[in-house]
Amino acid sequence: MPETLLKVESLNKVYESATGRVEAIGDIGFTMNRGELVCIVGPSGCGKTTLLKCIAGLLRPTAGEVTLDGKKVTSPPDNMALVFQEYGRSLYPWLTVRGNVELPLKHKKLSKSERTQLVDDALLAVGLDHADKSYPWQLSGGMQQRVAIARAVAYQPEVLIMDEPFAAVDAQTRADLEDLVRTLHSERGMSILFVTHDIDESVYLGERVVVLSKSPTWVQEDLAIDLAPERDQITTRALPRFTELRTHVYEQIQRAKRGEAVRSNA
Amino acid sequence: MTTATPTTASTGHRRRRNLGTLRRAVLGTIGVVGFLAAWQLLSTLRIINPEQLPSATDTFAQLGALLRDLEFWRNIGRTMTAWAIGLAIATLVGTVLGTVVGMLPFVRRLTHTMVEFLRPIPSVAFIPLVILMLGLQMPAALVIIVYASFWQVFVQVLYGVADIDTVARDTARSFGLTRASQLRNLVLPTALPYLMTGVRLAAAVALILAVTAEMTIGNPGLGRQLTLASGIGNYTTVYAIVIVTGLLGLIINIGFRAIERRTLSWHQSVRGDVAS
Amino acid sequence: MTLYTSTVRTPVAKSRLWAKIGENTLYAVGLPIVLLLIWGVVASVAPAKFFPAPQKIAVAFSSTWLGEAFINDVLPSLARLSIAIIIAVIVGIAAGTLIGLTRWLRELLEPLLEFFRAIPPPVLIPVFVVFLGVTDSMKIVVIAFGAIWPVLLNTIEGVRSTDAVMSETARSFSLTRSQRLFDLLLPAASPRIMAGVRQTLSVALIMMVISELFYSSAGLGYQIKYFQQTYLIAEMWSGIVLLGLIGVLLAVIFGFVERRVLRWYHGIKEVERA
Numbered sequence: 009m010p011e012t013l014l015k016v017e018s019l020n021k022v023y024e025s026a027t028g029r030v031e032a033i034g035d036i037g038f039t040m041n042r043g044e045l046v047c048i049v050g051p052s053g054c055g056k057t058t059l060l061k062c063i064a065g066l067l068r069p070t071a072g073e074v075t076l077d078g079k080k081v082t083s084p085p086d087n088m089a090l091v092f093q094e095y096g097r098s099l100y101p102w103l104t105v106r107g108n109v110e111l112p113l114k115h116k117k118l119s120k121s122e123r124t125q126l127v128d129d130a131l132l133a134v135g136l137d138h139a140d141k142s143y144p145w146q147l148s149g150g151m152q153q154r155v156a157i158a159r160a161v162a163y164q165p166e167v168l169i170m171d172e173p174f175a176a177v178d179a180q181t182r183a184d185l186e187d188l189v190r191t192l193h194s195e196r197g198m199s200i201l202f203v204t205h206d207i208d209e210s211v212y213l214g215e216r217v218v219v220l221s222k223s224p225t226w227v228q229e230d231l232a233i234d235l236a237p238e239r240d241q242i243t244t245r246a247l248p249r250f251t252e253l254r255t256h257v258y259e260q261i262q263r264a265k266r267g268e269a270v271r272s273n274a
Numbered sequence: 006m007t008t009a010t011p012t013t014a015s016t017g018h019r020r021r022r023n024l025g026t027l028r029r030a031v032l033g034t035i036g037v038v039g040f041l042a043a044w045q046l047l048s049t050l051r052i053i054n055p056e057q058l059p060s061a062t063d064t065f066a067q068l069g070a071l072l073r074d075l076e077f078w079r080n081i082g083r084t085m086t087a088w089a090i091g092l093a094i095a096t097l098v099g100t101v102l103g104t105v106v107g108m109l110p111f112v113r114r115l116t117h118t119m120v121e122f123l124r125p126i127p128s129v130a131f132i133p134l135v136i137l138m139l140g141l142q143m144p145a146a147l148v149i150i151v152y153a154s155f156w157q158v159f160v161q162v163l164y165g166v167a168d169i170d171t172v173a174r175d176t177a178r179s180f181g182l183t184r185a186s187q188l189r190n191l192v193l194p195t196a197l198p199y200l201m202t203g204v205r206l207a208a209a210v211a212l213i214l215a216v217t218a219e220m221t222i223g224n225p226g227l228g229r230q231l232t233l234a235s236g237i238g239n240y241t242t243v244y245a246i247v248i249v250t251g252l253l254g255l256i257i258n259i260g261f262r263a264i265e266r267r268t269l270s271w272h273q274s275v276r277g278d279v280a281s
Numbered sequence: 178m179t180l181y182t183s184t185v186r187t188p189v190a191k192s193r194l195w196a197k198i199g200e201n202t203l204y205a206v207g208l209p210i211v212l213l214l215i216w217g218v219v220a221s222v223a224p225a226k227f228f229p230a231p232q233k234i235a236v237a238f239s240s241t242w243l244g245e246a247f248i249n250d251v252l253p254s255l256a257r258l259s260i261a262i263i264i265a266v267i268v269g270i271a272a273g274t275l276i277g278l279t280r281w282l283r284e285l286l287e288p289l290l291e292f293f294r295a296i297p298p299p300v301l302i303p304v305f306v307v308f309l310g311v312t313d314s315m316k317i318v319v320i321a322f323g324a325i326w327p328v329l330l331n332t333i334e335g336v337r338s339t340d341a342v343m344s345e346t347a348r349s350f351s352l353t354r355s356q357r358l359f360d361l362l363l364p365a366a367s368p369r370i371m372a373g374v375r376q377t378l379s380v381a382l383i384m385m386v387i388s389e390l391f392y393s394s395a396g397l398g399y400q401i402k403y404f405q406q407t408y409l410i411a412e413m414w415s416g417i418v419l420l421g422l423i424g425v426l427l428a429v430i431f432g433f434v435e436r437r438v439l440r441w442y443h444g445i446k447e448v449e450r451a
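Same order as they appear, the protein sequences are chains A, B and C. Taking the numbering used here, the leading residue of the first sequence gets 9, the next gets one more, and so forth. Taking the numbering used here, the leading residue of the second sequence gets 6, the next gets one more, and so forth. Taking the numbering used here, the leading residue of the third sequence gets 178, the next gets one more, and so forth.
If you're looking for bench data, these hints aren't it; they were derived computationally from the structure. Even for Gly, the Cβ is constructed at its ideal location relative to N, Cα and C. Some clues are possibly wrong.
[Said to hold, decoys possible] Label-pair ranges, simulated between beta-carbon atoms: (1) C:L212 / B:D168: 26 to 32 Å; (2) C:S344 / A:E268: 35 to 41 Å; (3) B:L50 / C:L309: 20 to 26 Å.
[To be verified] Which residues of chain C face chain B? A partial, calculated answer using Cβ under 10 Å: (4) V307; (5) V311; (6) V386; (7) L422.
Next up, chain A with everything else stripped away, as it sits in the complex:
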């Protein structure tokens, strides 16, 4: 039986706002196994970021619970790392690239050489080993996001959570970064939870795609992506199966936007 790493059960989050009560997440439940790459897509405003923050322990859900490796998540767990969309504001400008990647490691009980090893390794993995003495703001957007990814990788999490990380990056760089994510997944066996609004990206990257409905959000579909594990920007995206899958997801999203999908209450 494949090991369940992450379990989200009946997650519900309600905000009190100036314009009234907003139910950001209605009832979300899904699981993720060890070593899986799961993508989450949904129409705009369906609470994807809220969902991620609840999973990451940054927000307390109103109802339901998140379990990571058997333990309930109430605050940011030690075996989870987050990559934010706004890399410009998530990296600390007063630290060098190396400084940024090393910072979260400092509170883990590691020796200096172990830390340096992890940092070097992570920077190499994202292709930034030559830029370790630069400052983040000296680098392009794509490279800054690589730094953020390196920081997460060096942390050696069991689960890597990425919140629309490539939304603010140009298309060519995005393709490179997508392949980087797949490489990290295949070479290091990292379990990755990837949130995106880009349908093609979700199908290209994911082993599974979780489609969310519109607000109050629930899991509209949990789709298995039966493409080969070795993927390539040109050939994979040209496959007929790819087109079928993405069209399917696209239709689901359209239905979600129109509010047509009906919940099957199990």
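Use these hints to put chains B and C onto chain A, whose structure you have.
Coordinates of chains B and C only, in the frame set by chain A:
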């Protein structure tokens, strides 16, 4: 129709926001009351010699007496007059010079060293000089006040004029706007928030120097009344005047901050320093 | 993988370089020298009572301050100033951080802080004299108390307004409290804090002069007043010049420190402007 309408808890949110303001008001009041109580206790329980620290009640009683004294109000008037005149001159000269220097790069480079040397000189260093030149009356104080306040306005206007969006300026020039028209339609609106900040800072500085001048030069005003009272050991008056100057400073700060916010309400500007 | 490239620079010809240096120097000292010359000429032709010629001031400067007065007056003044500044900056940042991070404390103290910072600092000198007498410690306390407000209030503001994404990043990586303070909050607030320190320095200088104009019997401010009272005009001016030099020195030291501490901040600004 069957769907539940979200509870219009706009009232709920407003309640929470009002709660926040209430909390701040309550805590703030507790702070002030606590301070006054501590002050009173320190004196009445003789933890500190009441000769040195008159009790809060005594001080406020004396303050009340002063407020009934016409001469005290005249002193306030004198101080505020010097403040107002000094601020006005500083603002005028600072704006004009700041604009001229800011808009002409040649002049800016030429005057750069002088500015960087004159600016850090504390205006109070000139007090002995102005005493020699202008005696012990308000004009002497005015020189000191203007010298210090001028720099606040000048520097801000300089920043403001330099901050003009190059694209906007090129647009103006390509449309053949005259220098005067550019000044009115481009430079002034851009520099206005900076000017407001400069005037706010200058207003605070002007008060400090107005009172300081009265204390050192001896021209009539609150500062002089303070030194006289301190000289004869009338400490309740001393503390009362301290409170009054603090209140004056507070009113000036709040007033000018409000004015600044009004003029900034339509303008987005990012500036480094906040406090003072 | 391209790093952010700046525009290509071609090396400048040696002659052009010297011309540039000459031009910069001319701009830097041109106007002051011209003004000094004019002042010197006017002073020798039509001497004004209170504006002695620059040469006389220069002579008075070296005879007055570059002698024993340096040890008796200047050094102690500078020492008091420096100690007071250090106290004001350290206490201001420490207290400002604590107050900025503790919401109930900040709300409790806010009206009091607003009031105390509005009091013109010289007004408190008579008060402090009552408690501490006319001593060195009184002067240091007076300077520190007057100068602490800009850095204190700026620290409070700076620490409060940390970027939300940066805070969340710190939380998501479970940074320790100490890490959050020294690796996030303080660096993020440092531009604001440094702006406060700059104002603190100028206030401190003002307070130093005033505290010595009064009840003092030694020190820079006292000496200048003494010269004024005894009509030693050139000496008085030399004192003013010395104060100006001290002010400039403080500004230069500050500029140096600020450029180092905020190197990353200036770097970002440069990149944004490019």
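We went through each hint and held it up to the structure:
For the hinted restraint 26 to 32 Å between L212 (chain C) and D168 (chain B), the CB-CB distance of approximately 29 Å keeps it satisfied. Hint check: S344 (chain C) to E268 (chain A), Cβ distance near 39 Å, so the stated range 35 to 41 Å holds. Checked against the given bound of 20 to 26 Å, the beta carbons of L50 (chain B) and L309 (chain C), roughly 21 Å apart, stay inside it. A cut of 10 Å between beta carbons decides the hint on V307 (chain C): the least distance to chain B is about 5 Å, and the hint holds.
Residue-level restraint check for V311 (chain C) is violated (minimum Cβ-Cβ distance to chain B is 13 Å; threshold 10 Å). Of the supplied interface hints, the one on V386 (chain C) holds, with its beta-carbon coming within about 5 Å of a beta-carbon of chain B, less than 10 Å. Among the interface hints, the one on L422 (chain C) holds; its C-beta lies about 9 Å from the nearest C-beta in chain B, closer than the 10 Å criterion.
Hint compliance for this structure: hint 5 is the single one not met.
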